[in-house]
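Colleague: The lines below spell out each chain.
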Amino acid sequence: MRPLRLAADLAVGTVVLAAVPVVAVGRRVREVASPAVALVREDLARQVGATLDRLVPVAVAQVVQRIDLNELVEKYVDVERLIAGVDLATLTNEIIAEIDLPEVIRQSTGSVASETIRGVRMQAISADDVVARLGSRLRLRRTPRPVAAEPAEPTAPVPVDPLVPGLS
Amino acid sequence: MTAEPVSPIPREARGFQGEPAGLVTRLLAGCIDAAVTFVVLLALWAGFNGFRFLLDPRGFTFSGTSLLASMTAGLCVAIVYLTAAWSTTGRSWGDHVMGLRVLRLDGGRVRLPVAFLRAVTCTLFPIGLLWCAASRTREALQDIVFRTCVVYDWRARRGVTRPHVPPTA
Chain A
1 MRPLRLAADL
11 AVGTVVLAAV
21 PVVAVGRRVR
31 EVASPAVALV
41 REDLARQVGA
51 TLDRLVPVAV
61 AQVVQRIDLN
71 ELVEKYVDVE
81 RLIAGVDLAT
91 LTNEIIAEID
101 LPEVIRQSTG
111 SVASETIRGV
121 RMQAISADDV
131 VARLGSRLRL
141 RRTPRPVAAE
151 PAEPTAPVPV
161 DPLVPGLS
Chain B
1 MTAEPVSPIP
11 REARGFQGEP
21 AGLVTRLLAG
31 CIDAAVTFVV
41 LLALWAGFNG
51 FRFLLDPRGF
61 TFSGTSLLAS
71 MTAGLCVAIV
81 YLTAAWSTTG
91 RSWGDHVMGL
101 RVLRLDGGRV
111 RLPVAFLRAV
121 TCTLFPIGLL
131 WCAASRTREA
141 LQDIVFRTCV
151 VYDWRARRGV
161 TRPHVPPTA
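Chains as they are written, first to last, in our numbering: chain A, 1 to 168; chain B, 1 to 169.
Simulated from the structure, these hints should not be mistaken for laboratory data. In this text, all values refer to a predicted model and were calculated from it rather than measured experimentally. Mixed in with the good hints there might be a few duds.
As the list claims (entries may be wrong) - Ranges between beta-carbon positions, derived for each pair:
1. A:LEU138 x B:ASP106: 29 to 35 Å
2. B:GLY50 x A:THR116: 30 to 36 Å
3. A:GLU103 x B:PHE125: 39 to 45 Å
4. B:ARG111 x A:LEU138: 32 to 38 Å
5. A:THR109 x B:PHE38: 29 to 35 Å
Stated by the list, open to error - Partial selection, computed: residues in chain A whose CB lies under 8 Å from chain B:
6. ASP100
7. ILE117
8. ALA127
9. ASP128
10. ASP129
11. VAL131
12. ALA132
By construction, the Cβ of each residue, glycine as well, lies at the ideal position given by its N, Cα and C atoms.
Given only the sequences and the hints, what does the whole structure look like? Please build it.
Modeller: See below:
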């Protein structure tokens, strides 16, 4: 038994010793070859992509020509369930707001009188703003300005500007 | 997800809704209301004379009008008309034409006693309206006294939105 065990140990040792350089060489080869492999892989992917770009539309067109999509949808798609998942009220309101349906109706059915009233209202609102601005300007003039502390040294005279309130 | 209601108000006017109305709009509304009052007064006078004509067609002559009686009748008509309008829909015919609404400061409908007192003061002391030109919050004297406001509101019915009245200084 002893010679047999010795032979087995020797065989294992030989294999281990032989494997070390093989692994080291393999690692080195992988390091050197990996950029080249990556390049090849990219090139291959590009070529496959270009081929698919040409082939897929043609293939899909041929498939679609040979099947009835409406029948497929009727058979396999639950349209009512899809519609039930959509908030139709919100969607409708968004569409109406986007196309400004009230304005379309107003323009198509509105009378001259209603257009005139609308114009008068908008003009009056503008006039209100003008009057409010005038009022606020008057209020600013009548509000007493805070008294500044007396300067330590005499300063240059303040220029008189009739356009700026408070400087006139 | 809640559905936003579609606004029937023109785009350019939407930003003003609920804002306090200014002097010019309110003056125009007041002029229209004065015209309405005059027409109602005229109709009442014509109706009164028609009734007299039915009673005595042969001896009928148009009833004479004195200035004092006409003014008193006009004031009464205006007060009744404005009280009824402000306490129900919140807008008289003039307010309706100009797109205005009279509200309480919290956005609610003006109650009958307040509407009556406001109508009395607006009719007897219309010059108080001029204060809204000087007021920062565009309030007439009647608004300050009775805690009301007049806002732009082009909708046909009163909404639930509160008026955008800035706080007084």
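Colleague: The structure should be examined with respect to each hint, and the outcome stated for every one.
Modeller: Now for the hints, and whether the structure bears them out:
no.: 1; hint: A:LEU138 x B:ASP106: 29 to 35 Å; verdict: holds, 30 Å
no.: 2; hint: B:GLY50 x A:THR116: 30 to 36 Å; verdict: holds, 34 Å
no.: 3; hint: A:GLU103 x B:PHE125: 39 to 45 Å; verdict: holds, 41 Å
no.: 4; hint: B:ARG111 x A:LEU138: 32 to 38 Å; verdict: holds, 35 Å
no.: 5; hint: A:THR109 x B:PHE38: 29 to 35 Å; verdict: holds, 32 Å
no.: 6; hint: ASP100; verdict: holds, 7 Å
no.: 7; hint: ILE117; verdict: holds, 6 Å
no.: 8; hint: ALA127; verdict: holds, 4 Å
no.: 9; hint: ASP128; verdict: holds, 2 Å
no.: 10; hint: ASP129; verdict: holds, 7 Å
no.: 11; hint: VAL131; verdict: holds, 5 Å
no.: 12; hint: ALA132; verdict: holds, 6 Å
When held up to the earlier numbered hints, the structure conflicts with none and fits them all.
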